[in-house]
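Novice: In case you want the letters, here they are:
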Amino acid sequence: AQTVTQSQPEMSVQEAETVTLSCTYDTSESDYYLFWYKQPPSRQMILVIRQEAYKQQNATENRFSVNFQKAAKSFSLKISDSQLGDAAMYFCAYRRGRDDKIIFGKGTRLHILP
Amino acid sequence: NAGVTQTPKFRVLKTGQSMTLLCAQDMNHEYMYWYRQDPGMGLRLIHYSVGEGTTAKGEVPDGYNVSRLKKQNFLLGLESAAPSQTSVYFCASSRDRVNTEAFFGQGTRLTVV
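Respectively, the protein sequence lines represent chains A and B.
Going by our numbering, the final residue of the first sequence carries number 114, and the count climbs one at a time with no gaps.
Going by our numbering, the final residue of the second sequence carries number 113, and the count climbs one at a time with no gaps.
It is worth saying that the hints were derived from the structure and are not from the lab.
This structure is a prediction, so every number in the text was calculated from the model and none was measured.
A portion of the hints provided could be inaccurate.
Below, in silico cross-link-like pairs of lysine-lysine (DSSO-like), each with a Cα-Cα straight-line distance of 27 Å or less [said to hold, decoys possible]:
# : chain 1 : residue 1 : chain 2 : residue 2
1 : A       : LYS101    : B       : LYS14
2 : B       : LYS9      : A       : LYS70
3 : A       : LYS73     : A       : LYS101
4 : A       : LYS106    : A       : LYS70
5 : A       : LYS78     : B       : LYS71
6 : B       : LYS70     : A       : LYS106
7 : B       : LYS57     : A       : LYS78
8 : A       : LYS101    : B       : LYS57
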């Protein structure tokens, strides 16, 4: 069974600094998708970024970028120029290409220090 | 743009009571999911559906039932609520296997006393 592991339950970063959230996953598949979701205090789940496994280029969305290491099964999220609004729970998620389920990690709570 | 709407947003149940959570999406998505979120556990998949009239079990299906009679609606039922089912429940939908992004509802906080 596929698993998603986020080894950092909580992290803190100074405003305007850069922070990296870790995610590793376990799969024997070659076709799959990876996601990072953000859950602010409002509880709403918001997609931050997605990565297709067949793409070698790392996905980027403004201040958010990923470091996708397929061989190492690692999918970390880098947040540059951290802002107070980035404070949230961040979830890493995995979806097998020919599967219907989306599996989530346990989350990392990110604190932004002013 | 309603997206995914969950009803109700909050509910308190007594042990043994039953209830149904409603999820409605207006994006014509094929896939729909029910997750529960508990502290330190992340989101765990309860049941999901890959189309109207279909349902399948997720990671933690015990104590729950689901139905997808209409494409836009996905119902989650608790026949006999237990305190262990106290949680925040999220419904999500995705268009299909190719368009894999999941869109989430705002969550339902359920307390069983």
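Novice: Hints first: check each against the structure and report whether it holds.
Specialist: Hints, one by one, checked against the model:
{"no.": "1", "hint": "A:LYS101 - B:LYS14", "result": "31 Å, violated"}
{"no.": "2", "hint": "B:LYS9 - A:LYS70", "result": "39 Å, violated"}
{"no.": "3", "hint": "A:LYS73 - A:LYS101", "result": "19 Å, holds"}
{"no.": "4", "hint": "A:LYS106 - A:LYS70", "result": "21 Å, holds"}
{"no.": "5", "hint": "A:LYS78 - B:LYS71", "result": "37 Å, violated"}
{"no.": "6", "hint": "B:LYS70 - A:LYS106", "result": "32 Å, violated"}
{"no.": "7", "hint": "B:LYS57 - A:LYS78", "result": "34 Å, violated"}
{"no.": "8", "hint": "A:LYS101 - B:LYS57", "result": "10 Å, holds"}
Comparing the model with each numbered hint stated earlier shows that hints 1, 2, 5, 6 and 7 do not hold.
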